[in-house]
Each structure stands twice: as C-alpha cells, then as structure tokens.
Amino acid sequence: MRRVLLRRGSRLVAVATAASLLALAALGSASAAIQPGGITDEARKMHDLFIIVLIFALVVFALVGGALVYALIRYRRRDDELPPQFHGGTRIEVLMVGIPAIITIALFVISMITLVDIDDDADPDDLTIEVTGFQFSWQFAYNLNDLGLNSDPNAEGTLAIIGTPSAEPVLVMPVDEAVEFVLVSNDVIHSFYVRDFLYKLDLIPGRQNDFTVTARETGDYRAQCAELCGLNHSLMRFTLRVVERAEFDAWIAEQAAKQRGDDAPLSVQAP
Amino acid sequence: MASVAIPQLSGYRRPAVLDWIMTVDHKKLGILYLYFTLFFFAVGGILALLVRTQLSVADSTFVGNDAYNQIFTMHASAMLFLFIIPVWAGFGNYFVPLQIGAADMAFPRINALSFWLLPPAGILMFSGFLVDGGSANAGWTAYSPLAQQAGVGMDMWIVAVFMLGASSTIGAANFLVTMFRMRAPGMTMFRMPIFCWTMLVTALLQLLATPVLAAALAMLFIDRNYGGSFFDPNGGGNVVLWQNVFWFYSHPAVYIMILPGMGIVSEILPVFSRKPLFGYKAFVFATIAIGALGFSVWAHHMFTTGSVLLPFFGFMTFMIGIPTGVKIFNWLGTLWGGSISFTTPMLFALGFVSMFLIGGINGTFSAAVPVDFALHDTYFVVAHIHYVLFGGSVFAVFAGLYYWFPKIWGRMLDERLGRLHFTFMFIGFNLAFFPMHMLGLDGMPRRIAVYSEDAGWETLNMISTLGAFTIAVSMIPFLIAVVWAFMRPQDQPDNPWEGNTLEWATSSPPPEHNFDSLPPVRSERPLFDARQNGDGH
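As given, the protein sequences belong to chains A and B, one line each in that order.
The first sequence begins at 17 in the working numbering and counts up one residue at a time.
The second sequence begins at 15 in the working numbering and counts up one residue at a time.
Derived by calculation from the structure, the hints in this document are not laboratory data.
No experiment lies behind these values; they were computed from the predicted model shown.
There's no promise every hint is true.
Now the stretches of chain A that chain B is said to cover, found in silico as 3 or more residues with beta-carbon under 8 Å [as the list claims (entries may be wrong)]: (1) 70–80; (2) 96–107.
Here are some chain B residues the structure puts well away from chain A; computed CB gaps all over 12 Å [unchecked claim]: (3) Val57; (4) Ile124; (5) Thr202; (6) Tyr240; (7) Gly251; (8) Val259; (9) Phe286; (10) Phe438.
Partner residues are not named here, just some residues of chain B that face chain A (Cβ under 7 Å, in silico) [stated by the list, open to error]: (11) Gly351; (12) Ser353; (13) Arg461; (14) Glu472.
For glycine and all other residues, C-beta sits at the position ideal for the given N, C-alpha and C.
This is chain A alone, in the form it adopts within the complex (with noise of 0.2 Å):
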C-alpha cells in the first residue's frame, strides 16, 4: 500500500514538473506579448520582476491546480464506504505555513531590490518637465534654463504645452537621458500613466511628486490618466515622443520662437 501511494506520489510530482515546465516554455515565447516590455531602464527592469512574479505565479498554479483536479478525479465518490477521517498533523500543518511563507517572502526580496534600483534621484542638472493635471488634459512646462544637456543656464521663461480634451497634447522629451518629472495639481488627484513606462504616479493637490526615467526608445507612445478625475477623465489622454536629443533641441527652440510671437502659451496638437 505505501509503495503504491508512493508511485503515485512521484508520478504525481513528474507530471506537475512537466506541467509547470511546459508553462514556463511557452511563457518564455510570450512574454514579451504578455505586458509590453517597457521604453525606460527603470521599465525594464520592473519588466524584469514582473516576469520573475508570472514565473512564480504560473508554477503554484500549475501545482495547486493540477492536485485539484488530481484530487477531483482520483477520489471522486464510487461507494457509500467512508473515506478515512483524516483531521490533519503537525507536520504538514508546518508545510501549509512554510511554503506560502518562502514563497511570499522571496517575492518580497526581490520586489525590494527592484524597488531599491529604480529609485535613484534625479541629478540637479537633468531635464526638468513639470506636468500640470487639471480636468480635463495637460500641461507640460519646459524651464528654458533647466533643459539638461545643451542647457543655457542664462536663459529665461517657460516653454508650456498645454492640451484639451479635444486636441491632446504632446510630451516630447529626449532619449538616452535622465529626465525628472514633476507633477502637481490643483483641481483633484490625477494619475501620469504612460503605459511603455510600466509605471504610474499620482498628481495631488497640495503635493509635489516627482520621478525620473531614462527611455532608451524613440517613438510616440499613447498614455492617460489613470485616476478618476471626472467626466472626461477618459478623454484625458496625452501622446509621448520620445526623440533625439538634436531634434529635441531643435523643437525646444522653434517652440520658444513660436510663443515669443504669438505671446500666448501654446496648444500643440497631436499628429
């Protein structure tokens, strides 16, 4: 008897570990489709533990779920005759806390340490943008004198592009270098959701937050607010452009031309 139980107990742990093995391979084909992998360092890197969770995640599924229907179909009732009243022991009561135990605090090691490595400050001489939310788009203010590399820190006034619902505005910032946004409201809370950075923060009134990404991807990638603001929060949508830093510089400049013109602070319409 025990040595039956025990072949069915390993067959039982061959089957789970090819199971979760298959999940593993097909996950490492998707990945990539399963949550985009993100334009920034810091994205890639808070990719990277997201993968690490879906591992984790896939394979106590795989495990729980299998000795589920395992159990499902191995004792389902064929006769009136009364299983053994089993109530539980000590020492596998010790194996239903330990387990979940290591497994939740290993996540929590490693959440840390990508919590620790994407939290670097921003450097005094980085590109500032600072990010108004109000209902129902967006501000984006460039300070001329603190525009990062190329900066002229003699230079005065600031550059905002400010959007409506209507005509969404746009974000341009360069590539390859640290940019810190500031972001402040003074309506109710906004979320700054950009979805290719794989992150999101909050605009409060009567608080400044701030945060700093390195995107390493040129392109335009669509973002929105993320937190209920109101009736057009859905249409709060706002496009990122990614560019290099010569084209950045040159759209800093032909902006402030722009807005020493007309005087007034200028809308810019999305493509």
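Here the structure of chain A is known, so what remains is to put chain B in place on it, guided by the hints.
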C-alpha cells in the same frame, strides 16, 4: 392567587406582512436579508451589464460620460455595500444561532434594527439617480477632492453608507455576543462550526473598522456642506488623508466580504468529501491572522500616491498571502482522500476554490510594489477584485444558497438546473474577467467611459462583455429552480446532504424556537458523531 391563566397566543395571527415587518426572529430576518441583498445583486448586475455594453466597442456612445461615472459608481456601491456585506449578515443571521444550538440571536430587537436600516439606506442611495446632478459619481472609493465636486447625490450616498455602517456595527456586536455567550452545552470555541468562526472574525473586523469609515464619511460630509477642510489643502487639510482613512476601513472590508464565503465553502467541502475539514485549527488561526493583518495593508491601494511607506506595506501585503495559502491547503487536504460527490453546492464551492486561487495569485502581482506601479488603476486590478469578490464571494453565496435552501425552505433546488447555472456562470465569469488581465497589462485604465479604436482594446472588451451577458443568462436556470422549488411541497428530508453541524439537527424549516432537543456536542461535527453512534470523532 392560586393560579394565573397565561394568555394563549396560539390562536392569534398577525397579517403576514405585519408579521414580516415586526419579526425579531433571526430566521425571518435572515430571509429578509437574503431577499434584500439578492435584489440589489440583480440591480448591481444590471448596472454591470450597462457598463459592459458601453465598453464593448471603441468610442462607444451608448451612455454618456456623466451617466457612465454614475453607473459604475453605483454598480460597485450596490454590490459591495448592499449585496456582499449584508448577504453574509443574512446567512449569519439564519445560521449562526442554528449552528451553535441557540434559540435566537443575543439581541433580537437590535437584530431587527440592523436589518431595517438597510432598505432606507438602499432607497436613499439609489434616489440619487432622481436628483439634480445624478447619483454619486466619484467611484465607490469617493476620493476627495473629486467627491467634493459631485452633486447632492453624493451626500445621499454618504448618508446611506453611514447608515449601512451603523447596521454593520450593531450587527457585528450582536454576532459576537451571540457566539461568545449562547453556544450549546459542550460546544467549546474550537468545536464551533467553521462558518461561525469566519463570522466571528468578520464581526470583529466590522466592529473595529466600520467606525473609522463613519468618521471619514462624517468628515467628507462636513467638507462638502459646512466648509470644512479635512481633505482640502487650501484650508490646511490633506488630500491623501481621505485615502488613508477610507482604506483603513475598506481593506479590512475586503475580508469582511470574503471571510464568511470561505466559511461557507469550508462547511460544504467536508460534507461532500465525507471527511472533516483538514486542519480545522490551522484554518481558524489563519482566519484570525487574515483579520489581524488586514489592518496593516490598507496603503497597498495607495502605492502610486508617492506618500506611502512602500517597503512596510509591501511586506505586510505579502505576509497576508501566508494565511491565505494555508486555507488553500485546508481545502485541498479536505478533498484529498475523500469521497467526493459533485452536487450543485459542491460545484459552486469548488468554483470558489479554483477562482479564489487565481484571485490570490494575481493579487501577488500588485503586492510586488514595482509591478503595481504598472498595474495599479488598470483593468488588471479590476480582474483581481472580481476573481476575489465574484469568483470568490459570489460563488460562495450560491454555494450557500444551494446548500442551505432545503434547510431554510424545506425544498431542494433542482440539481440539473443547478448544474446548468454553475456551468454558465463559471464559463461566463472567466470570459468576462480573464481578458481584463490582458487589458490591464496593455495599459487600459479602469473607470474610463471610452477608449479609442487605435488603443487595440476592442476584441478583449467584446469578449468580456459577452462573458458578462453569459453570467446574466446563467441566472435564468437559477430563477426557474427557485420558482419550481416553491411550487413543490415541503417534503424533503431534514438533512438531505448528511450535514454534520447542528443546523441539520432540527426540522427543515426549523420551528420558531429552533430545537426541540440537541444532540451532545463532542466535536465540531456533532451529527457525524451521532451517525457513528457517538464515537465518530
């Protein structure tokens, strides 16, 4: 004075309606709770169908942005405050006294008050649709300052939730006293049925957490109407304070919404596996641990506010995974080596276990703080809460209804219709909510009324909407089964499932005084012991 004639009441009959309105009988109040909460489950479900219809296609114009914000706010408010939380009070009302062998709750009139606070609160909350500016529209979380901008419907919502909180709090006190003071002879705390244990921890959470919500609501009401500035930075207040106090209640509230469901499932799995619950004490301690840890994780709803001590709340959130994992082992161990019959209550209980497993696993993504930065406030989180509160709690509600229907009404629900109900609901549920994981990972924020076509979210949203309507269709066999059951005579045996706990030791339905006699209680399964001639344990 030799003898006093005691007036006989047996000949007197109140009109049935008055009888239901004036009753202090825990069973009748329990039934009233069930009717009330299932009504709002239907209302919340219809609102959910409106939400899903709106989102089924890109750039939808089915309902406007304004109406959409009201609809999803009231969907969540109905489901959480008027369905899930009070439905457990309904089951608890009916079954806690029966399971511990008591004649009624400790305070029957307070019990009636707990129930009768609900209908005016429900009416008040939904009357918001009739007033200028519409109903509450700031989400069920009512974040300030957005909640300051809403119309008078918001005030009606605040007062309604306040009343529901009062109902919860006094109900909780009643449950605690009942379980501490009125257990049958021989029923020690560790022989109490597991459903009672989960109700006990739930009641503790309600007693400790709900007053915090009441305080928060009072502050919000003052801010809105009397020029207060608790949450207004311009007056020296703090916007994030609302989130702290709101979630200090509302995270424990998530356990208030799921623990009794776990209790029901832990009643059903042993009965249909013909085994005791595996690791009864471990389950009890895990429930207590979840209750205790539940008070230290609230800020994991606020990871993206930038004003939260991330490592602490990340750690506590992972910690709560441990007792949750223990419970999964309890359920697996109960099935293991058992003799499992797939009755309808068992199917729903197994649906709970499997869907709650997913709801537990997809929750760990948000516990990993850097991963949550991407997932927070996206449809991934919507998937998570529905795997927990629908895949978990709602499946447990139906498990409980099918299991205890013969107890409450002395009639069985048809098994074939029950299986049909389960099949449609299980498939519909996964169709509706699994695609939301992918939508969230692809960046779809929650609570948006429209999305553009180039976002690429249309296909998954359409699948989700089809799933939602499949769930709605699954209610048809359930309703037929209920109507059919009531058309048949009350001729079922008192204990059709071979239940083990005291509620099955009396007739079905039970008499007004509950028990003519009680069997001896020597374990957590007194009826099992009785079937084994007293030496079953």
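message: At least three residues with a C-beta closer than 8 Å to a C-beta of chain B: is that true for the stretch 70–80 of chain A?
response: holds (count 6)
message: Quick check for students: does the CB of Thr202 of chain B sit more than 12 Å from each CB in chain A?
response: Consistent with the label, Thr202 of chain B stays out of reach of chain A, its closest Cβ about 16 Å off (over 12 Å).
query: Checking the smallest CB distance to chain A, is Val259 of chain B really beyond 12 Å?
result: Its Cβ never comes within 12 Å of chain A, the nearest being 15 Å, so this holds.
field: Status of the hint placing Gly351 of chain B at chain A (closest C-beta pair under 7 Å)
entry: holds, 6 Å
query: At a threshold of 7 Å, is the proposed contact between Arg461 of chain B and chain A supported by beta-carbon distances?
result: holds, 4 Å
- prompt: Val57 of chain B: least C-beta distance to chain A exceeds 12 Å?
  reply: Holds: least Cβ distance 22 Å, greater than 12 Å.
- prompt: Since Phe438 of chain B was said not to touch the interface, does its Cβ keep a gap of more than 12 Å from each Cβ of chain A?
  reply: holds, 20 Å
message: Please verify that the nearest CB of chain A lies beyond 12 Å from Gly251 of chain B's CB.
response: violated, 8 Å
- request: Please settle this one: Tyr240 of chain B was flagged as non-interface, so is its CB more than 12 Å from every CB on chain A?
  value: holds, 20 Å
message: Interface hint check: Glu472 of chain B, Cβ to nearest Cβ on chain A, cutoff 7 Å. Holds or violated?
response: It is violated, given that the least Cβ distance between Glu472 of chain B and chain A is near 15 Å, above 7 Å.
- request: Report holds or violated for chain B covering the stretch 96–107 of chain A, Cβ cut-off 8 Å, minimum 3 residues.
  value: holds (count 8)
- prompt: Does the interface hint hold: is Ser353 of chain B within less than 7 Å of chain A, judged Cβ to Cβ?
  reply: Where the cut-off is 7 Å and the nearest Cβ of chain A is about 4 Å from Ser353 of chain B, the hint holds.
Of the numbered hints stated above, those contradicted by the structure are hints 7, 9, 14, listed in ascending order.
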